[in-house]
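Keeping their order, the protein sequence lines are chains A and B.
Per our numbering, the very first residue in the first sequence carries number 1; after that it's consecutive.
Per our numbering, the very first residue in the second sequence carries number 1; after that it's consecutive.
Since the hints were derived computationally from the structure, they do not count as laboratory data.
Some clues are possibly wrong.
[As the list claims (entries may be wrong)] What the simulated footprint calls covered on chain B by chain A, stretch by stretch (three residues with Cβ under 8 Å from a Cβ of chain A suffice, anywhere in the stretch; the number is not a length):
id : stretch
1  : 65-72
2  : 160-173
3  : 177-187
[To be verified] Residues from chain A that face chain B, not an exhaustive set, calculated with beta carbons under 10 Å:
id : residue
4  : Pro71
5  : Gly87
6  : Leu116
7  : Arg206
From the three backbone atoms N, C-alpha and C, an ideal C-beta is built for every residue, glycine too.
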Amino acid sequence: MAFSIDAAAWGSPWRRIAVADKALLVTGTLVLDLLVPAWPGTLLVAAGLTIAAIASARVDWRLWLAALALPLTFVLTGVLSIALQVGPPAPGSTPWWSWGPLAVTAESVARAGTVLGRSLAGTCAVVLLAVSTPMVDLVDAGRRLGVPAPAMDIAALMYRLLFVLWESAVTIRSAQAARLGYVGLRRSVRSFGSLAAGVLVSAWDRSRRLEQGLSGRGYTDDLRTLRHVRPHSPVFLAATGAWLLALAAIGTYGSGVLG
Amino acid sequence: MGIRHGRATVSQSQELVRVITTIGTRHPGKDSAVHIAEGFLPVPHAVGWAVAAAPFVVHGVRATVRQVREHPEDRVLLAAAGAFTFILSALKMPSVTGSSSHPTGTGAGAILFRPPVMAFLSTVVLLFQALLLAHGGLTTLGANVFSMGIAGPWVGYGAYAALRRLRAPLEVQVFFAMALADLATYLVTSFQLALAYPDPSVGAAFAKFATIFALTQVPLAVIEGLVGVVLFRVLRSIAGPELERLGILARPAERAATEDGVHA
């Protein structure tokens with residue numbers, strides 16, 4: 001699971017679409033997700049993006065579901081906390097359950113439901129961008145947007161170092177586990193601390209060797225690679241425009257605000 | 001013999017798969033990272049926290065760019081530091097509550113690389129987490145950068161600097177820097193949620209969120225502090241020169257000088 005989103009992004013048919021086009025779709029959907037009334041707006045977002053992801057971007061549905069489930073713990077904890085009210089309930093609210101200063105009211109549950117819907121729909125949008133756009137494309141887009149080159153260069157180098165470091169972390173961890181390094185809390189803490197130190201030292205060592213190798217090849221300003229020029233896709237842009245308009249209209253009208 | 005050999009290979013590869021899946025993010029239901037998920041903050045809050053975080057991040061980017069201009073060789077080192085922060089936050093840490101949890105790792109980063117650089121590195125790390133691991137989000141990026149990339153490192157660095165001035169042992173400095181950075185991150189996150197959902201008041205809502213997250217975050221902070229102690233002990237024994245270069249360990253000459261000072 002660790003980097004399967006990244007692997008999917010490299011093989012995605014949507015990789016051929018310009019980053020700006022995809023960014024328009026994702027940011028537009030995210031903004032509308034937060035602005036239109038949550039019901040039925042967020043269900044529409046989640047359903048629409050799921051269909052787009054599986055039918056058009058050809059995302060494996062198991063990966064799609066797994067990625068959507070990743071923020072689940074935070075979302076559930078947060079949503080349940082929002083449903084729970086502390087202190088005297090506001091006048092005019094309908095209490096469903098109360099115990100001492102704690103209460104669950106119809107209003108607090110409705111608020112929790114709104115957040116749950118928005119969070120599910122928002123996660124769909126972010127994951128859609130993630131599974132269709134490799135990090136290097138985003139870094140390149142950031143460079144063209146005017147983020148200082150050295151900063152983007154560090155981000156690009158960071159991305160490339162992730163996989164090497166992850167592999168050493170996995171190797172160290174399995175060696176430790178094989179020596180019963182994770183039996184009991186005390187030993188686990190010690191193993192984890194030395195795992196962190198091992199990864200940090202190997203990061204230092206690799207970065208030093210990489211730096212020497214690169215400076216020998218004349219690495220002075222930044223580490224540019226050839227960029228695939230991807231023209232805007234009129235079809236994709238038209239579909240995005242239609243989707244955003246439909247979302248705004250149905251999302252607002254469907255909840256009865258306009259109706 | 002051949003069969004036994006084959007069987008051993010199978011069980012080894014199964015073991016490898018098991019280990020990889022346990023340390024990967026395979027058990028999403030059990031993770032307890034405190035990044036605010038996508039869609040959690042209303043638009044004014046999302047914008048407000050992004051605006052609040054922006055000056056720190058811009059300052060961090062400037063500090064990083066300046067450092068890279070002066071020392072071009074630091075570019076790769078900083079990238080390695082960012083990658084290390086990401087890997088640390090993606091690994092599962094031992095936990096007492098049974099659920100596994102991820103360290104924030106920003107306390108160690110703040111000691112090693114200073115808070116302004118961490119503001120920049122954490123922004124990239126959070127962006128990577130949102131897009132590679134689906135942790136956190138894009139509209140909530142500003143709020144998460146504020147809690148994990150600004151509040152955490154500054155509180156951790158403050159604790160480290162104060163204890164260093166008091167001449168506390170390195171272990172004590174590191175423990176409090178790591179644990180307090182973690183606690184600050186979680187308290188700021190609780191405050192951000194309370195501001196967004198003040199029900200019935202911000203104070204009561206803060207108490208509610210802080211209490212609920214405390215169940216996982218307080219033990220986590222203590223464990224992260226302990227892990228930090230082990231981390232710096234190991235670093236001291238295997239990476240002394242690097243720590244001296246970063247100014248965390250006194251150089252032998254300075255150490256002799258301070259000892260002379262103490263004797264005199």
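Now the hints, each set against the structure:
1. Residue count for the stretch 65-72 of chain B with a Cβ under 8 Å from a Cβ of chain A: 4. That meets the three needed, and the coverage hint holds.
2. Check result for the stretch 160-173 of chain B against chain A: violated, 0 residues qualifying (beta carbon to beta carbon below 8 Å, three or more required).
3. Counting residues of the stretch 177-187 of chain B whose CB lies closer than 8 Å to any CB of chain A gives 0, so the stated coverage by that chain is violated, three being the minimum.
4. At its closest, the beta carbon of A/Pro71 sits 4 Å from a beta carbon of chain B; the interface hint therefore holds under the 10 Å criterion.
5. Because the beta carbon of A/Gly87 sits about 5 Å from the nearest beta carbon in chain B, less than 10 Å, this interface hint is met.
6. Because the closest C-beta pair between A/Leu116 and chain B is about 9 Å apart, less than 10 Å, the hint holds.
7. Because the beta carbon of A/Arg206 sits about 7 Å from the nearest beta carbon in chain B, less than 10 Å, this interface hint is met.
Checked against the numbered hints above, the structure breaks hints 2, 3 and satisfies the rest.
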